[in-house]
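Novice: So you can see what is in the structure, the chains are spelled out below.
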Amino acid sequence: MILALDTSSAIAVALVSEAGEVVASRSEFNPRGHAELLAGLIDQVMDEAGVSREAITRIVVGTGPAPFTGLRVGLVTARTLGHVWGIPVEGVCSLDAMGAAHGGEVTVVADARRREVYWATYRDGERTAGPAVTVPGEVEAVGTVVGRGALLYPDDFLRGDGGPGSGAARGGRGAATPARRGPADRAAVPPPPRRPRRARGVIRDLGESDLPWMAEVESELFGASAWSRELIEHDYVYGFTRYRGIEADGRLAGYAVYGYDGDAFHLMNLAVLPAMRRRGLARALMEDFLAEARRVGAPDVWLEVAVTNDAALALYRAYGFEDVRVRRKYYQPEGVDALVMRRALSTYEPGSP
Amino acid sequence: MALVLGLESTCDETGVALVENGELLADVVASSMDEHARFGGIVPEVASRAHLEAVLPTLDEALARAGRSLSDVDAVAVASGPGLVGSLTVGVSAAKALSLGLGRPLYGVNHVIGHAAVDQLVHGRFPDRTMALVVSGGHTSLLLVDDIATRVTELGHTLDDAAGEAFDKVGRLLGLPYPGGPHVDRLAREGDPEAIPFPRGLSKPKDMAKHAYDFSFSGLKTAVARWVEARRESGLEVPVEDVAASFAAAVADVLVTKTLNACREHGVDTLVIGGGFSANSQLRELAQQRGEAAGIDVRIPPLRYCTDNGAMIAALGSAVLEAGVAPSRLDIGVDSSMPLSTITV
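Residue numbers (my numbering), protein chains in the order written: chain A, 2 to 354; chain B, 486 to 830.
Do not take every clue at face value.
[What the hints assert, rightly or not] Facing chain A, from chain B, some residues (calculated, C-beta under 8 Å):
no.: 1; residue: L537
no.: 2; residue: V540
no.: 3; residue: L541
no.: 4; residue: V713
no.: 5; residue: I817
[Stated by the list, open to error] Covered stretches of chain A (chain B as the covering partner; in silico rule of three or more C-beta atoms under 8 Å from a C-beta of chain B):
no.: 6; segment: 62-75
no.: 7; segment: 307-315
These aren't lab readings, by the way, just hints derived from the structure by calculation.
All residues carry an ideal CB built from backbone N, CA and C; glycine is no exception.
I would like the entire structure built from these sequences, with the hints used as guidance.
Specialist: This is the structure:
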């Protein structure tokens, strides 16, 4: 049994059989939680799979390229565990792990911060160029472009003209669409099976450059109870949250925020521009939310909604959310009551309300 | 018989030590100081990378010297704060992997309190109430220790620079190599401590009301800078030895005066001085001399236990284990500004 770890972006742990089958896996998208969470995730994964340490024969660890902040946690953990257990530790380029998870021609682009990206290209899992670090405009992209870096710099990678990158941009929430800090860019772990999805807009992670737009929409739609730009920007970096956006007609038309503290999976926010409603965009975001909750292994999902918001209530009921309780005067300053709703995930079939 | 492994990585030293029932079996420290000297200060990223390289060799060396193997270890203690986040991250991650890999409990402990606890390895158990002055390049804190494992109260701390930091800054001012502290100390021994009347920070009556046990060295450092500057502007030679001696006297005086005041007020007759700055010769002499006059037993561990090391962490880990404190969870974080009210996390 192989223990695979990667902390180049998300915190990802998997137990993989020698035949390449993923026995158990866990990942978290907390950008600052590497040191806190990794050891516990390893413990959980071993526990979940019922694998004792004697059964683990080697450790594979993602070695980046990535910011050292998170990377060192994976490196020192892998080395120390290998040392204690007396088993070999092998490093793999984290980009290779993503490249290997896709067939054909792929360009993997990861965020290197300071407006630069790490990138490499692959053909059927074999690296053909890179890894290198450059400004986004200098990446010699081929085929499908994957990785968080591509989403941070959409003008450089996500072209809608059928050129390189269009596969990822138009691929919806398939395995080729990378996650900002989510499980999709975990290393050494094959992606989950792709599911066909009706094309109702393209969902992607919001980048930092999208946040001012989101704050503006918030204030237009929700007035005094809107999330402020400060709150959004702080939460984006420090919260246990994930920011998703949906594009239609080539531009952002809505967004949703998912919160997960390792226990409750929560829909913190969901909004679609008035002019873009009745096109199934809110449903698409809802399905993305439920899919993500299933992926991280949450038993159920939770949300709060203003009791006066009929459209939202209808949507949530259609997706099987049930009333739990009313929170009096939850929305301030208006003093509107909130309805707390829950949906169990054990009964959820992807793609259907 | 419990064998406790202590892991220290809060700044630029990677330390691993093994303590068994109050006895230190091995203590190994690897430092990245040579690399920092080139940059004139601690570079967090350099320190963090150095820890990553040093942690396993240091561990193996400690085990070899103790003649033990990893499977003999009963508990893993690690300094989880305060310190540099990048450095702490490597040590805490390694300690968690040891705890998980060995199936032994983890104790995240406070580095500063470790500086006091290490004295138990040298001079034996603390009496019921002990005063501890922890002075280093990063810390200057006065602690009332009722029980090193469970009850420590911070009476005061520096409001600006740590004592060792002030020494390093004055060293730079006098054109001495980094770290300046030991050089200032060496020069001070050749000068006249009463040559220049430098100020004693937070010692005026109005300050004492609010900050009886707090310290401030920033004003003193500025006073030294102004004095040296004025001297240079007048075209006179700077009597480096006298400046160093007078500055060191001001630091030692204020540290010892406030600490002994605290001992008297709290009825404590044992004082422990720990941390790298307790190597300072004026501080050691003054504390011993005035402590003796006041009937206070002054305990200062040998220098090698005063700088950052694994022994201090293993010592505190041992005390905590013996006191039956619950182990830390595997999801503890690092706390760069861990308060002194926290002994374990």
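Novice: Name the hints, by number, that the structure is in violation of.
Specialist: 4, 7
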